[in-house]
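Asks: Residue-level listing of the chains:
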Amino acid sequence: MQQHGDDYMGYKMYQLIKALYPICRSITGNGVRESLKIIQQIIPINIFEVPSGTKVFDWTVPKEWNIRDAFIMNEAGIKVIDFQKSNLHVVGYSTPVDKYVSLEELQAHLYSIEDMPDAIPYVTSYYSERWGFCLTQNKRNQLQDGKYQVVIDSNLMDGSLTYGEIIIAGSLEKEIFLSTYICHPSMANNELSGPAVTTLLVDWLLKEKRKYTYRIVFIPETIGSLTYLSKNLETMKRNIIAGFNVTCVGDNRAYSFMPSRYGNTLADKVALNIMKHRCPSFNKYSFLQRGSDERQYCSPGADLPVVSIMRSKYGEYPEYHTSLDNMEFITPEALYDSYALLRSCIEAIENNAKYKVACIGEPQLGKRGLYPNLSTKESGYMVRDMMNFLTYADGTNDLIDISNIIGIPIEALLPIIEKLAANNLIECVD
Amino acid sequence: MQQHGDDYMGYKMYQLIKALYPICRSITGNGVRESLKIIQQIIPINIFEVPSGTKVFDWTVPKEWNIRDAFIMNEAGIKVIDFQKSNLHVVGYSTPVDKYVSLEELQAHLYSIEDMPDAIPYVTSYYSERWGFCLTQNKRNQLQDGKYQVVIDSNLMDGSLTYGEIIIAGSLEKEIFLSTYICHPSMANNELSGPAVTTLLVDWLLKEKRKYTYRIVFIPETIGSLTYLSKNLETMKRNIIAGFNVTCVGDNRAYSFMPSRYGNTLADKVALNIMKHRCPSFNKYSFLQRGSDERQYCSPGADLPVVSIMRSKYGEYPEYHTSLDNMEFITPEALYDSYALLRSCIEAIENNAKYKVACIGEPQLGKRGLYPNLSTKESGYMVRDMMNFLTYADGTNDLIDISNIIGIPIEALLPIIEKLAANNLIECVD
Amino acid sequence: MQQHGDDYMGYKMYQLIKALYPICRSITGNGVRESLKIIQQIIPINIFEVPSGTKVFDWTVPKEWNIRDAFIMNEAGIKVIDFQKSNLHVVGYSTPVDKYVSLEELQAHLYSIEDMPDAIPYVTSYYSERWGFCLTQNKRNQLQDGKYQVVIDSNLMDGSLTYGEIIIAGSLEKEIFLSTYICHPSMANNELSGPAVTTLLVDWLLKEKRKYTYRIVFIPETIGSLTYLSKNLETMKRNIIAGFNVTCVGDNRAYSFMPSRYGNTLADKVALNIMKHRCPSFNKYSFLQRGSDERQYCSPGADLPVVSIMRSKYGEYPEYHTSLDNMEFITPEALYDSYALLRSCIEAIENNAKYKVACIGEPQLGKRGLYPNLSTKESGYMVRDMMNFLTYADGTNDLIDISNIIGIPIEALLPIIEKLAANNLIECVD
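Protein chains in written order, with my numbering: chain S, 19 to 448; chain G, 19 to 448; chain R, 19 to 448.
Just so you know, these hints were derived from the structure itself, not from any lab. On a predicted model such as this, the values are computed, not experimentally measured, just so you know. Any given hint could turn out to be false.
No copy labels: a pair is met if it fits in one copy or bridges any two.
What the hints assert, rightly or not - Pairs of lysine-lysine, DSS-like flavour, derived with a Cα cap of 30 angstroms: (1) K302 <-> K372; (2) K229 <-> K103; (3) K255 <-> K192; (4) K372 <-> K229; (5) K73 <-> K372; (6) K374 <-> K192; (7) K249 <-> K372; (8) K302 <-> K227; (9) K117 <-> K372; (10) K117 <-> K81; (11) K294 <-> K249; (12) K55 <-> K227; (13) K374 <-> K249; (14) K385 <-> K255; (15) K225 <-> K255; (16) K81 <-> K385; (17) K294 <-> K225.
Start from the sequences, fold in the hints, and give me the full structure.
Replies: Okay, structure coming up:
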């Protein structure tokens, strides 16, 4: 068995997701800690705790929420809704409750989706205290009049917000940034695909010396990115040259792209170049359709060069934020392909530079054995690509620019650059 | 009755046009003076006289032309053409004449439109002395052989060119400029709609304190704008930030837009933004199709930021420069809508500024009551628009830019700005 | 007979091509010398020799190749292939050979085109020593088994590379550059149309005083342009403002355009303007499809503003590089039209300047007799074009810019400029 083959990588990510899936995560609490510890078994992330009440820009780290059990029991003593069967059944951050209510009273605390009668919706109420249950429309329709015992054995108290971070030092202080969120209960594409792909990318990054430093974080969405930003803003603004918010990378539908605020950063440039060649029919969204941590990273004042390469974008697929975003919705193959695409972006940035041809006029490739003696179609293309590369290697274009101008993927240019450099025909310029 | 309602405003403009309609105006003469005095009864304009012979750039203010009567009488003593019935019957600036001519001689002095047999054309000869009569093709066809007495009781002598001006001082020296022309005889859309809408705009501007100073002129076209420019060029170039040539704003056909010379001024920017939302199917003309005072205001050396927002553009509708451009061709509703559109442009400029969000990361709207407790579609849009506004309120975009980027009309952003400012979430930057 | 009429010019070029056609040219050798001497009978070019072995940038001037005769003779003593019948029969730069070979051995040295059974292909091997024959596929199919005598009476020895040059001094040091290549044996469109059109352009340029200096070269392709560049780089970079590589200008199919490396030079600008009006359906190629001396002139470090205006582009027509690119493929009319188009480009550059109107506001054309008394459609267009020209003659646009903005061909603007200058209404600015 090829231990590091593509199949194995996809399988490894899928298995990691499977292990994380049952845990009840929220933006704070033991679910996040438990999840980060499972990831820590694969990559050496550091785990940080930020106390409730800490000011983070315009926000405050909330109280910590934990839950042990919850159910709705009918008069016959049957649990008609049981948190142990799905942690989506409880509205996130529900305050504790233990009382008997009529069906009518209960209805005001129930959430379901009429149009998707088999899906349990995912609902939270982080910043306004309430309790509630989520259930399928089908189950809701079956509820009979009568008294129900509602129990939510949760607590909301001062504690802390938990996140994971790993910095992988490179030759340069300049950084590439990966951010993924870990704050949703049992959902696969929107959320666990992100931490799984990010974990394997870190695993790969740790294996060899890199030009750039890498900053990777596993954080709760929104309040987590705000918290992380508020603690690291100066360094991040100084060093980060490109960043990727890794989310919704697990299903096998079309790719999606979320640009940065103005769509003009190195991250946008590299992602668009790679996606144009790898998945040309991807959906390009506007920043007006943003919805994840780019809302913070790309906000005025933060201004970080962060984009998202996704499969089905959050908010745009029917299964989003329901129990149908489950282990069947994602595949090992899709996870691997997303992983490979992000890796290509990183490799493109690592190899990105402005190149300059060393002579005036075309170089004579023939005397260096770079011009084929036997002319085949493939060798012809190789020469054409090489000459086109040299033509625009005039010191003003970087590798991505040249790839865009001559229409050749960066990965096809890398061996050409190697040959040209070995023959002293090009040099890097600053 | 709602005195300042939309219906009343449209009616008021229509009535003003009705009062001005019978007067025989030309580029000089008592018709202009009489018209300006009627306008003076509504708004306190100052009336200026510039003597014949005054050099204005490459031109010279012409002699003053006045006319008392004119007719063509046949042998039976019947006035077949009578200036008292329509002042369009006489070629503008016709020299005096009183003689008997044959039909053949007469024909050389007659103007009609074969394709529009019911229309009297509007013809002038300001800079080359001649006399002539305009009439419908139908009437012309009925003329019998014989002698005709032709009488034009006009005079052309040293006098002056007359125009009206009002300056409404604001907090700033910087000016918004409105120009409209008053030099055509009885025609409604191309010409009187312009002075009427401008008069009501001045009336509105006078009612409250404004940030900008307003310069408004009622002038004869071409020679009037040249004259005004030559007297005020330095001040106008220093102060005017946006200007509108108000013409052809009375009929209820599609809107038209005439840009400035390069289409890149604040006037262009605001007009295009407002029109995109208010009348998206407007006709956008090229400056090559110009034909009114933008020819002078936007000329090299003047370089003023002047555009025109029109309904049916001069030269582009069949009734143009004929007796069919009459009181039936315009409507109170159309006048009001044009007025309101120009007012929106002015309000947009008055409110235009570069805004900057006061925090890093998204602000927490919820703690300020700006995030809806009860989520409705409308409140959802309000939040989305507010967050989108804040996202691009980064100190580099002005209000019009932000409106363009996020696709929300300026008038929908004004209440959002008010709320955000009240919560100290945004500030203006220079 | 109108000696300098269009027909005569086309005929003259066609006759020159006819005289040059039979000569066996290559990148070096007597064929080039002989050809340049024929051209010298029409225009006073200087002929230069650059010794074999001279370093030119990354290349070296090769040995000189000459050939007297060549044939393949079958056992019956019949020359089945005879250089005397077509100089395309021998692979260019073939080493000498005189031996008997089997048909099988011979086949490895034969070149034909299966899909074009009547065409002799054009093949060369400048930089790797070999011998070979080119023939039609039909002829090849007829070859019988047996012994063949193959004779190539050529030699390859130290000598020189030959090129022609003429500099026509103008009032300014700044130069317009024409380059054409002279290194192919008997082919008409791709190659001889270029030298013929260039010769007549030089003839025309010599006849009157010019603002710009003209540098015109007749060189072998690639190695010749590299050689010429290496000897003149500094002067060329300092002085050349626009250049044209004159090639493939003889057939009467659609026009083609090859831009410079970034398509943003004066040469691109003028060519696109002229072609838009003269041959609007021309094919615009990308620089990625380059294939002639722009590869050197526009290379990084050379960075010259050189483009090609062509009819059927090299490599894009079936007859290219075969015996079918012959005297029937080109026509006197096509040659003349190409010549005229290039001449228009040159005249446009000679007349190109930034113009500035002398007054503020529109000038009064009437008092200068520039405004028609009798309004006809043509005079109306003339006035409209004149006013549009003046409107954009603001000192920031050159003649080509104005032509592009107002949509009027440069040749239609030249008489307008003359009238305006005569009336002191415009001046040139730097």
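Asks: State for each hint whether it applies.
Replies: A quick look at each hint next to the structure:
In this homomeric assembly, K302 and K372 come within 30 angstroms of each other (Cα to Cα) both inside a single copy, at 27 angstroms, and across copies, at 29 angstroms. For the homomeric pair K229 and K103, neither the shortest alpha-carbon distance inside one copy (47 angstroms) nor that between copies (64 angstroms) is at most 30 angstroms. Taking the shortest alpha-carbon separations for K255 and K192, only the intra-copy value of 10 angstroms comes in at or below 30 angstroms, while the best inter-copy value is 38 angstroms. Taking the closest pair of Cα atoms, K372 and K229 come within 30 angstroms of each other only inside a single copy of the chain (15 angstroms); across copies the shortest separation is 40 angstroms, beyond that limit.
With identical chains, the CA atoms of K73 and K372 are at most 30 angstroms apart between copies only, with a shortest distance of 28 angstroms across copies and 42 angstroms within one. Both within a single protomer and between protomers do K374 and K192 lie at most 30 angstroms apart by alpha-carbon distance, with minima of 23 angstroms and 28 angstroms respectively. In this assembly of identical chains, the alpha carbons of K249 and K372 lie at most 30 angstroms apart only when taken from different copies (29 angstroms versus 34 angstroms within one copy). For the identical chains of this complex, K302 and K227 are neighbours neither inside a copy (33 angstroms) nor across copies (46 angstroms), given an alpha-carbon limit of 30 angstroms.
In this assembly of identical chains, the alpha carbons of K117 and K372 never lie at most 30 angstroms apart, being 68 angstroms within a copy and 54 angstroms across copies at closest. With identical chains, the CA atoms of K117 and K81 are at most 30 angstroms apart within one copy only, with a shortest distance of 24 angstroms there and 97 angstroms across copies. Taking the shortest alpha-carbon separations for K294 and K249, neither the intra-copy value of 36 angstroms nor the inter-copy value of 43 angstroms comes in at or below 30 angstroms. Taking CA atoms no more than 30 angstroms apart as the test, K55 paired with K227 passes inside one copy only; the shortest distance there is 26 angstroms, against 64 angstroms between copies.
Taking the closest pair of Cα atoms, K374 and K249 come within 30 angstroms of each other only across two copies (22 angstroms); inside a single copy the shortest separation is 40 angstroms, beyond that limit. In this homomeric assembly, K385 and K255 come within 30 angstroms of each other (Cα to Cα) only across copies, at 28 angstroms, whereas the closest approach inside a single copy is 48 angstroms. Taking the shortest alpha-carbon separations for K225 and K255, only the intra-copy value of 27 angstroms comes in at or below 30 angstroms, while the best inter-copy value is 49 angstroms. Within a single copy, K81 and K385 get their C-alpha atoms only as close as 72 angstroms, which misses the 30 angstroms cut-off; across copies the closest is 15 angstroms, which meets it.
Within a single copy, K294 and K225 get their C-alpha atoms as close as 28 angstroms, which meets the 30 angstroms cut-off; across copies the closest is 55 angstroms, which misses it.
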